[in-house]
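So the chains spell out like this:
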Amino acid sequence: EPEVTQTPSHQVTQMGQEVILRCVPISNHLYFYWYRQILGQKVEFLVSFYNNEISEKSEIFDDQFSVERPDGSNFTLKIRSTKLEDSAMYFCASSFGQETQYFGPGTRLLVL
Amino acid sequence: AQSVTQLDSHVSVSEGTPVLLRCNYSSSYSPSLFWYVQHPNKGLQLLLKYTSAATLVKGINGFEAEFKKSETSFHLTKPSAHMSDAAEYFCVVSESGKLVFGAGTILRVKS
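Residue numbers (the working numbering), protein chains in the order written: chain A, 60 to 171; chain B, 6 to 116.
Pulled out of the complex, with its shape left as it was, chain B reads as follows (with noise of 0.2 Å):
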């Protein structure tokens, strides 16, 4: 069965610093990875996929994340974190449809 561990349950910064939330997958072949978000009192949003093509998916927001097969990891980062950027993050993989999440983490920003 496929899983994600995503290693951080909360990260903080600050307004204006990079962003980098980690994630790794477990997966017996190439996965389909996403990476969605869920602010306070709101549905799950896509952010961002990766299906093969290019290793570095870009997303919303200024989000961007990068598929490293060595490393079995599909982090997360922004160069630039926004207030609006506080919410939950989730690890996705797609396995045979059905998508197995992350535990998630919480992204604060400081003014």
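Bound-form chain A, shown alone (with noise of 0.2 Å):
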């Protein structure tokens, strides 16, 4: 059965630095989603993307952070100065329609 995969699973990095966590979505999907939860919270929504272009962000995604999809494959989430309040689980998901999502392991970022 296809699945979401994202690389790594763990990530360690120091404050200030520029981070890039990898999804690789269902490959006849259409869209893209960017969602976290920090410890002890509820899971929340960051970012959808469509047709290239992000159709919607929370007001979480701010200027620091950016997706992209550069090639037919991945779908990358930068952080570009990490705080330490970003320190969460981030997940991928992906879907055909607008329906329902799959999701991804998740990446476990950890900034220090």
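No lab work stands behind these hints: they were computed from the structure. For every residue, glycine included, the Cβ atom is placed at its ideal position computed from N, Cα and C. Heads up, some of the hints might be wrong.
[Stated by the list, open to error] Calculated lysine-lysine pairs in the DSS-like style (CA-CA distance at most 30 Å, straight line):
id	chain 1	residue 1	chain 2	residue 2
1	B	Lys47	A	Lys137
2	A	Lys101	B	Lys54
3	B	Lys47	A	Lys142
4	B	Lys74	A	Lys101
[To be verified] Examples of chain A residues toward chain B, derived with CB under 10 Å:
id	residue
5	Val63
6	Tyr90
7	Gln96
8	Glu103
9	Thr159
10	Gln160
11	Phe162
Grab the two chains, each in its own frame, and use the hints to assemble them into the complex.
Written out as structure tokens, the structure reads:
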């Protein structure tokens, strides 16, 4: 069964450094998403991406964040200058239409 | 804005007994509702979804949920808990393509 994959599974970085989180969505899906879950808090929507552009973003998704689909398979989330409060589990998801989203296993980001 | 409220942060059941995880939603129109499960150190797996077809929805692993508009509820049930059901369960509503998550319910299954 096709699945969403994410790399790396864990990343530790120093405050102020740039990180890129990578996702490979399910191959025929058209919509792509990033969510995050800070430890002990709810899963929160960050951004959705369709037709090579952002379709919606939350207020969390400020200028420090960007997304890209550099080729036909990868979908990346970049955090330009990480802060301590960016420490969280980041989930990528994809969907064919705007209904059911399928999630990857997540990347646990720790900012020191 | 749409929202979901999971009424219990923790539920503990004995193996072989029924499971009930409660969820209430707030929506101004007919919502799309989902239950996702997260096992320890794993991603979010779709259990089932309601999208305005049958009000009783069957999912994987013997779980089902009933959409009750009059009660604005979408409770998750399973007749007989298995040890492998121990996980965190999220009730989720779709709002214009983005998902809004509840706070989660941790299910503990005792042997």
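Now the hints, each set against the structure:
no.	hint	verdict
1	B:Lys47 to A:Lys137	holds (22 Å)
2	A:Lys101 to B:Lys54	holds (19 Å)
3	B:Lys47 to A:Lys142	holds (25 Å)
4	B:Lys74 to A:Lys101	holds (25 Å)
5	Val63	holds (8 Å)
6	Tyr90	holds (7 Å)
7	Gln96	holds (8 Å)
8	Glu103	holds (8 Å)
9	Thr159	holds (6 Å)
10	Gln160	holds (6 Å)
11	Phe162	holds (4 Å)
Of the numbered hints listed earlier, not one is contradicted by the structure.
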